[in-house]
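Visitor: What the sequence shown shows, in mature numbering (1 follows the signal peptide of the UniProt record, and there is no 0), is residues -22 to -1, 1 to 452, in sequence order.
Careful, some of the hints might be misleading.
[To be verified] Per label pair, the in silico range of CB-to-CB distance: (1) 216 x 347: 45 to 51 Å; (2) 40 x 61: 28 to 34 Å; (3) 30 x 63: 31 to 37 Å; (4) 68 x 320: 44 to 50 Å.
[What the hints assert, rightly or not] Straight-line distance between alpha carbons at most 25 Å, and here's what the computed SDA-like set of lysine to any residue pairs gives: (5) 216 x 55; (6) 180 x 69; (7) 317 x 356; (8) 317 x 286; (9) 288 x 447; (10) 180 x 136; (11) 225 x 290; (12) 320 x 286; (13) 288 x 111; (14) 180 x 207; (15) 49 x 447; (16) 290 x 136; (17) 225 x 288; (18) 297 x 415; (19) 380 x 438; (20) 344 x 375; (21) 288 x 375; (22) 344 x 379; (23) 344 x 355; (24) 49 x 207; (25) 380 x 255; (26) 168 x 78; (27) 320 x 340; (28) 216 x 298; (29) 380 x 340; (30) 351 x 111; (31) 380 x 361; (32) 225 x 317; (33) 180 x 268; (34) 320 x 283.
I should point out that these hints are in silico values taken from the structure, not numbers from a laboratory.
No residue lacks a Cβ here, since even glycine has one placed at the ideal position from N, Cα and C.
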Amino acid sequence: MLLPLSIVTSTLLASSFALGLAQHHHSDNTSHVRPHGGYKLRLARRSPKFVNDGVFDMVAFQKEDTRISQKYTKTFRNRQINLSDEKKAAQVRLREKALFEVAQVIERRPSLEEVKRLAPRREFRHQEKGRGRVPLFDVDFNDAAYAGFVSFGTPAQNLRIDFDTGSGDTWVLGADAVTKHPHTKFDAQKSCTFAQSVHPNKWGVVYGSGSLEGTSVSDRVSVGGYVILHQQFGVANKTLAVLDGFKIDGVMGLAFPASSSMNVTSFMENLIHGNGDHVLPLPVASFHLQRGHTTGGEMCVGCIDDSMFKGKLNYLPVKETELWQVQCDGMVIGNTLIKGTKMLAAFDTGSALVKVPTLVAQHLVKHLPGGSKLRSDGTITMPCNSHSMGSFGFSFGGQMYKIPLVDLQMGIYDEAHPSQCTFGIFADDQFQNSKGESMAILGDSFLKTVYSVFNYSKHGQPSVGIAPLRDHVS
């Protein structure tokens, strides 16, 4: 049977690329770290998002790059607005303090009386088996974006929602929103529990290809069986080309209050404070992003599925409570840590790419096979037929987490450079925390290789736990 040329090309490229990551390491400028989990080569069932007939799809890359860039431009602007004004900053910090204090109480497994004291409720019920589990599906069938269904209003309107740890706002498309492609939209007139917010906030997100604009409202929202009766969120009543080709109906932001433009209590905050119909067993949102399948991933609200990962979770304390940013030891080739690649890194379930500061990328390129280049557009290329590099990964807390090589193979750079393949790490200097420190963005290309737990209180502080997936899961 003859295979389509695109499949043959992608398979050959993946094979040669994998062979090219076999033995290479430098004894200088490196230190050893303990590997955490093994490596198993797997050829993708379908081409990655940014590969078209075996060639790197620059148009698709630039579209995702622009979306990420504008998302963080808005997030950083929100942070500046929220923290530059003394009064607003005090309100944000007070809100965070209250959130983390209640999360600490939940972590200590308190009595119901103590929970009621910190988060008064009329009635508390025990968690039912399976509550909190939200099946995720691969939005574009290429392991690059994941979403799950969330119910809004009464009767329930089920929308495809991107659970985004890289942003702080929750919004959905409204009935009046104009989009090029079909989307399910929230119709407020069909919900008997809908209410305009007492003090509605206008909000907007400007993207390179358009904008989202709307106002904040209140209605019943259900995620994985957890219900908030009066959850505030944004309804976009004006859109341009922002969602063209992006098959979601809205976003649920899971970042911290400083990153929000609406200044309303988020869904997770409400659950942790006990404003839902059930008490959270744990103050967490956990993720398993399935590779090579249209379904099979899962977000677990208030729970951790230890059948999904090997060993113990490696908990990393959050450095600044804006995004879920932690300290990264650096990048690893083989079992050697490359000096000069230590950095802050934010885990972002709402982005497809892995982006690192340019200086870090420059140090990485020095340890890639000869002929590798960092190009002006932020891409890294290396010879497709290279035979001189070991496995690749990131180190956190002295433990290494490998990225399967097939996930780093982004096809031939372009038809003018048929011997150069695009490496799935990109350079970008626009990401900084409130202290002005550069940081990396680790999106789904990395997160689908681990089980990740976004914990509002581990040992008394917000942390991210990661562990390698079990072989039958990955």
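Visitor: Which numbered conditions among the earlier hints are violated in the structure presented, ordered from lowest to highest?
Guide: 3, 4, 8, 11, 12, 15, 16, 17, 19, 24, 25, 26, 28, 30, 32, 33, 34
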